[in-house]
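*Asks:* Use the sequences and the hints to build the structure in full.
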Amino acid sequence: MARPVSSLESVFMKDLLQQLVLQALDSLQSGPLADIDLPDAVQIERTRDAAHGDYACNVALTLAKKAGKPPRDLAQAIVDTLPASGEVEKVEIAGPGFINFYLTKHAQTAVIGRILAEGETYGRAATGSGPKTLVEFVSANPTGPLHVGHGRGAAFGATVANLLEAAGHDVHREYYVNDAGRQMDILGTSVWLRYLQACGETFSFPKNGYQGDYIGDYAAELISEHGEAFRRNASEVFEAVPADEADGGDKEAHIDGLIASAKRLLGPDDYETVFQKGLTRILDDIRDDLAEFGVNYDEWFSERSLVVNDARDTGIERLKASGHTKTEEGALWFKSTDYGDEKDRVLIRSNGEHTYFASDVAYHVNKLDRGYSHLVDIWGADHHGYIKRVAGAVQALTGHDDVLDVRLVQFVSLFRGGEKQQMSTRSGEFITLRELREEVGNDAARFFYVMRSNDVPLDFDLELAKSQSNDNPVYYIQYAHARVCRVFEQMQEKGFSFDQANGEAALPRLAESHEEALLTQLTRYPELLQQAATQTAPHTLAHYLRDLADGFHSYYNAHQFLVDDADLRNARLCLISAVRQVIYNGLTLLGVSAPERM
RNA sequence: GCGCCUGUAGCUCAGCUGGAUAGAGCAUCGGCCUUCUAAGCCGGCGGUCGCAGGUUCGAGUCCUGCCAGGCGCGCCA
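The first sequence begins at 1 in our numbering and counts up by one.
Just so you know, these hints were derived from the structure itself, not from any lab. It is possible that some hints are incorrect.
[Unchecked claim] Listed next, the in silico DSSO-like pairs over lysine-lysine satisfying Cα-Cα at most 30 Å (straight line):
#	residue 1	residue 2
1	69	90
2	320	335
3	132	388
4	132	14
5	420	207
6	207	251
7	320	132
All of these numbers come straight from a predicted model, not from anything done at the bench.
*Replies:* So this is what it looks like as structure tokens:
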């Protein structure tokens with residue numbers, strides 16, 4: 001992707017420097033570098049050590065062998081041929097043959113003016129300049145409240161979506177509602193059985209039913225809305241139902257028998273009423289929960305809509321057209337082994353029923369038909385065995401292997417006072433996302449969830465997350481923001497005012513090492529966002545903000561901002577104002593607030 | 001058994017898709033508030049980057065083989 005690189009207007013100084021080096025290489029091709037295939041791009045990277053300048057290029061090292069010259073000699077030839085640039089103060093050759101670039105003061109401080117001018121858009125690419133991207137995340141079965149594991153998917157997915165949007169993608173946020181299938185029947189039946197108990201029927205609740213207290217709440221609502229209209233005798237309900245596990249039977253057969261009883265005894269309309277009670281109440285709860293968490297969707301996509309519209313068969317037809325299906329043993333299969341899967345997967349069982357995979361194929365067909373060229377799916381780590389078949393299906397449908405990007409989120413372990421909390425959805429003994437949010441607050445929860453790479457299991461320490469101490473990185477960053485705000489309040493109390501134009505004109509006065517470090521940090525932000533987006537790595541933003549806050553706090557302690565020298569004072573206020581802006585922008589992407597006062 | 005993820009300081013983790021002397025936080029030890037909020041700062045201690053080979057100017061990073069931990073391997077959803 002080519003970007004304009006002519007001047008400081010360029011988003012990335014790297015691009016400008018790369019052009020300079022490429023031009024130098026080009027000129028050298030008529031001399032020392034004749035007969036050599038030149039690369040289309042050269043690597044420009046930021047230096048880790050200020051002693052190495054601002055940027056470094058390793059092209060002399062990589063080309064030395066082909067050129068048959070020592071790296072340092074080659075570097076010298078490149079430097080001698082390098083076009084002049086108003087942005088480059090000096091160029092040095094260092095170490096084994098690195099070319100180190102030192103920027104002019106003007107180039108170093110130019111970022112301040114841009115941040116102050118661009119404000120909340122600083123670091124963001126032009127909206128909608130990238131591909132149409134659908135990010136699907138959480139998509140938990142609506143069988144109960146979200147637990148802390150879903151919370152990680154929510155925070156991660158929301159931040160990834162924000163990052164992609166900041167990188168210019170046209171982003172659509174979607175929740176896939178698994179409202180079809182056996183789990184939902186178990187939910188509906190569980191609600192009905194609690195309803196029957198509330199009506200006075202006595203029996204032992206099935207081991208495989210949903211045990212949570214919320215089921216009883218929904219049953220109570222059914223009573224207040226419909227009285228005992230759905231009441232049936234327990235003996236009738238349990239008639240001919242296989243024994244439960246507690247009675248030496250099979251819990252799966254038991255619950256399936258109860259589902260059949262429910263459907264038979266209630267009839268389609270009343271069964272639907274009970275079913276919908278469970279589904280809508282839980283979905284409403286999930287929706288509210290996520291909204292309170294700052295996680296919002298453009299669309300809640302119903303699996304049932306695929307079933308009703310025969311989309312599953314349409315999807316299967318499309319797969320058939322790709323030539324990667326087969327009929328065997330009375331079932332229809334997708335030959336996912338063509339795409340690296342361990343075995344082929346069933347789409348339609350020999351009994352004629354569609355598998356869950358058939359729904360997923362239909363869903364992804366639907367996504368593609370809606371015009372999305374980039375699909376990001378965020379799943380729990382326990383679904384990783386599923387990637388190959390879905391990715392294979394998307395590849396079969398599109399002919400491309402880079403359309404679908406599946407990201408897994410590893411498990412969350414919750415610790416309270418050093419003790420690990422056990423979680424099991426079915427037993428009802430789990431800690432919900434809502435409980436977590438209420439205990440540690442949304443800001444800490446959002447930050448902690450994305451602080452670590454999604455690839456590593458997360459140990460979430462409740463005591464740490466809610467401690468208002470310097471152990472807590474989210475406060476550390478927010479505090480930097482609040483401190484800048486406080487400086488501006490103090491400025492007024494001291495009778496000063498902020499002259500931004502004067503400050504920008506005086507930016508060359510910012511020569512302290514703390515100031516130069518901050519300037520460099522601020523310049524990194526746009527490319528960090530770009531990289532965090534392409535790598536779907538929100539944790540790099542979290543770490544960046546931590547580092548930026550660190551740089552600010554050090555600066556704060558080392559130097560006074562509200563000095564009598566007006567030029568210097570205004571220049572420093574410009575700098576810390578820019579820091580505040582970038583912290584604000586970054587925290588916003590993470591879904592964390594930036595308080596003005598703490 | 002096969003597949004995916006992980007292994008870096010006492011603990012929790014980064015490490016910019018191969019760069020220069022491997023970094024933070026916590027813990028621990030020692031300093032800094034009559035000066036813009038000490039929810040802060042400065043310094044010390046702490047490493048065989050799981051192990052062994054390989055690739056090359058250069059490897060925590062890439063390749064191979066082991067070791068350890070987590071997860072997943074249904075005509076379930």
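*Asks:* Now look at each hint and say whether the structure bears it out.
*Replies:* Structure-based check of all given hints:
1. Our distance criterion of 30 Å between C-alpha atoms is met by residue 69 and residue 90, whose separation comes to about 24 Å.
2. At most 30 Å may separate the alpha-carbon atoms for a hinted pair to count; residue 320 and residue 335 meet this at roughly 10 Å.
3. Proposed proximity of residue 132 and residue 388 is supported: the alpha carbons are some 23 Å apart, at most 30 Å.
4. Among the hinted pairs, residue 132 with residue 14 is consistent with the structure: their alpha-carbon atoms are about 27 Å apart, no more than 30 Å.
5. Under the criterion of a C-alpha separation no larger than 30 Å, the hint pairing residue 420 with residue 207 is consistent with the structure, at around 25 Å.
6. Proximity of residue 207 to residue 251 is assessed by CA-CA distance (about 6 Å); at most 30 Å being required, the pair is judged to hold.
7. Proximity of residue 320 to residue 132 is assessed by CA-CA distance (about 26 Å); at most 30 Å being required, the pair is judged to hold.
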